[in-house]
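Trainee: First to last, the sequence lines map onto chains B and V. Residue numbers for the first sequence follow the working numbering, so the first one is 1 and each next one is one higher. Residue numbers for the second sequence follow the working numbering, so the first one is 1001 and each next one is one higher.
These are calculated hints, taken from the structure and not from any lab test. Do not rely on the hints blindly, as some may be mistaken.
With a straight-line Cα cutoff of 20 Å, these simulated EDC-like cross-link-like pairs (lysine to aspartate or glutamate) come out [unchecked claim]:
hint : chain 1 : residue 1 : chain 2 : residue 2
1    : V       : 1277      : V       : 1236
2    : B       : 111       : V       : 1015
3    : V       : 1277      : V       : 1218
4    : V       : 1277      : B       : 270
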Amino acid sequence: MKVRPRDFPREDSARASSAASILARDALPALLAALRTRGYQLVGPTLRDGAIAIDRIDGESDLPIGWTEEQDGGRYRLRRREDVAVFGYTVGPWSWKTFLVPPETKLVTAKRDAGGAFTVDAGLAEEPKYAFIGVRSCELRAIQVQDRVFLEGPYVDRGYRLRREAAFIVAVNCTQAAPTCFCVSMRTGPHHETGYDLVLTEIMEGQRHEFLVDAGTERGRELIDELALRPAMIADVEGAEAAIDRAVAQNGRKVVTDGMRELLYRSYEDPRWDDVAKRCMSCGNCTMVCPTCFCTTVEDAADLAGKEATRTRKWDSCHTLEFSYIHGGSLRPNARSRYRQWMTHKLATWIDQFGVAGCVGCGRCITWCPAGIDITEELAAIRRSEEARHGGH
Amino acid sequence: MESQLLESEQTSLADPMATRPFRVAKNQREIDGTHTIELRPADGDGFRFAPGQFTMMYAFGIGEVPISISGDPARAGTLEQTIRSVGAVSAALCKVRRDDTVGIRGPFGTPWPVVPAVGNDVMLIAGGIGLAPLRPAIYHLLRNRARYGKISILYGTRQPADILFRSELESWRGRFDLEVLVTVDSAGRDWRAPVGPVTTLIPRAAVREGIAMVCGPEIMMRFTVQTLLDRGFDADQIFLSMERNMKCGIGFCGHCQMGPAFVCKDGPVFAYPDIEKLMRVRGI
Ligand SMILES: Cc1cc2nc3c(=O)[nH]c(=O)nc-3n(C[C@H](O)[C@H](O)[C@H](O)COP(=O)(O)OP(=O)(O)OC[C@H]3O[C@@H](n4cnc5c(N)ncnc54)[C@H](O)[C@@H]3O)c2cc1C
Ligand code: SF4
Ligand code: SF4
Ligand code: FES
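Isolated chain B, as found in the complex (with noise of 0.2 Å):
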């Protein structure tokens, strides 16, 4: 949501503002219960080992009240803010997609008979109904770009369906990014657009220390009203406008994506590629951290006796030798055509299978790479690299 004072002229500061309205700082462990008391799991961030995660959360005391990070290519530590802001850091290692594309998720268990018969049963478990407190904008498009994959094809993923349309989303505009941010160029962020029940906008100028709280959905609207919010004034949709705005100003990246897909397109011989396998391990925390990437593989386990199998699907990375393996041998053999597979899906073969990129400029990829590889410079380098052959055409 772009905050703007639409209805409004400018000097009516003092008038009420068209929808939103005012959350309390001290009000927001009662948005936290009336979520709960709704029977949501709460998730969102809170610190575990040296980062800020998300997770499983109980209350307000679990949030990282006060803390930020410092992010840049291969490198990350916490750090204490000098204020207590709630939202006050950016992304860590952690995305949403743990909860709606687990790590781990049992597909079936089979049983077999003394005969060597088997029935399956697909576990149709009962799918937790979650409350995400505290999605960027970004983190909101990546599971966006995800639905396109689990609920958009022909085929329905059922678990996540199930798990997704439970989900209540409470949303925060970005008011700090990082150096290792390149929302806007992506076009994502900081400020959301759609796709949330409730989005805050955490407003801190001197003393005053509030949300600017806005629903989208209904089931948002109801819980609004429930918490009787006092309605927000212009002047307070303006104080949120430049907070957004001062995230603008911090996204630390850029990359040009004009021609962006057929230039990589055009690239697949491209020499940086060579350059890039140098650098690269083939470790996969890239495509782990990242909150698009979808990709897993299928673990089997017998017992002993061999009378019940499980079949558990498993995070994957492109980046590993055994992802392309087909008898004889895997069609990716190198770290070349391992980084050119991730780097070109993210940015190009994923327009043309899901009409989005695959990737929505979170940073997280550069912070996480132990070789502080960099996606916006790796396609900056390509396009130098192409323009240098042609004569800076």
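We have chain B already, so just place chain V with the ligands on it with the hints.
Mentor: Just chain V with the ligands now, with coordinates in the frame of chain B:
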């Protein structure tokens, strides 16, 4: 026509990753290390497919792999698949016995163009195990023989002992309305048929234009396409069945990508112009 029929079945709400038990009715050894398994759905419900489609076959506790359907599409309710034993899963599938259970998901993927081929001459070119995915198309063409022009089947394999569906090929060769040419890479003195790659059969075939359906190792398909183009076949009348690692068959796992194409759902059968550029890139 077939694909429309299949589409309506695909929109069902069942979990598409849940395998469905099929009972083994027969396991027939074809040649050394290659078996055809005949299966019936354990729940008694039907099974329909279009020539060229594949299933994900699950061997209990071992794994699941993509295997093309090799049987007759007109025999609803029976599923035949021909498997070459190359590793853990395919070896387990080759060993199943009557009344064992095998898990099946599918059918998946795009069919051979047997419908657009109506009224045309058709050339089917197979290498090795690649004859199995083409067999349903052959059954379909023969069952509807009057609707097609000339038909040539060109088959190449390593040595005479590796000729798949040998007696069937012989009986087809006996028909006056069908040409069957077979070649091997190497053979002893008693082999009176041609020796050499399958591409060498193309200039000898009765079919000189029309639709070509090609299935075999990727390298064989490259050379075959080149020869077909040289002989004057239109690029968009050449169809290939591609092979990629597959963990789902339905667009979820990402393994089968070949540039922008998902081989499992955009293929495995592609019109050549749709993948021509991709086939030129190594390691794509
Ligand atoms: C659309 C399609 C149709 C096929 N049709 C047939 C057929 O009709 N008959 C037949 O014998 N074979 C067919 N194959 C090849 C067959 O899937 C492989 O031989 C089989 O996966 C090997 O598995 P494995 O565990 O026995 O071998 P391993 O070599 O141990 O393989 C390990 C794993 O790698 C993957 N893998 C290995 N080889 C292949 C491959 N060629 N294609 C895809 N994944 C592979 C599988 O996940 C396999 O479990 C087809 C492949 C595709 C993609
Ligand atoms: S970049 Fe690699 S791991 Fe990520 S979705 Fe694409 S193929 Fe899968
Ligand atoms: S490719 Fe990198 S920047 Fe883009 S969405 Fe994935 S992790 Fe974020
Ligand atoms: S086989 Fe999984 S996406 Fe194609």
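Trainee: Taking 20 Å as the top limit, are the C-alpha atoms of residue 1277 of chain V and residue 1218 of chain V close enough?
Mentor: 14 Å, holds
Trainee: Holds or violated: are the alpha carbons of residue 1277 of chain V and residue 1236 of chain V at most 20 Å from each other?
Mentor: Roughly 13 Å between the alpha carbons, so the hint for residue 1277 of chain V and residue 1236 of chain V holds.
Trainee: Given the proposed pairing of residue 111 of chain B with residue 1015 of chain V, does the C-alpha separation stay at or below 20 Å?
Mentor: The hint holds at about 18 Å.
Trainee: Quick one, are residue 1277 of chain V and residue 270 of chain B close enough, alpha carbons at most 20 Å?
Mentor: With a Cα-Cα distance of about 16 Å, the restraint between residue 1277 of chain V and residue 270 of chain B holds, given a limit of 20 Å.
When each numbered hint is compared with the structure, no violation occurs for any of them.
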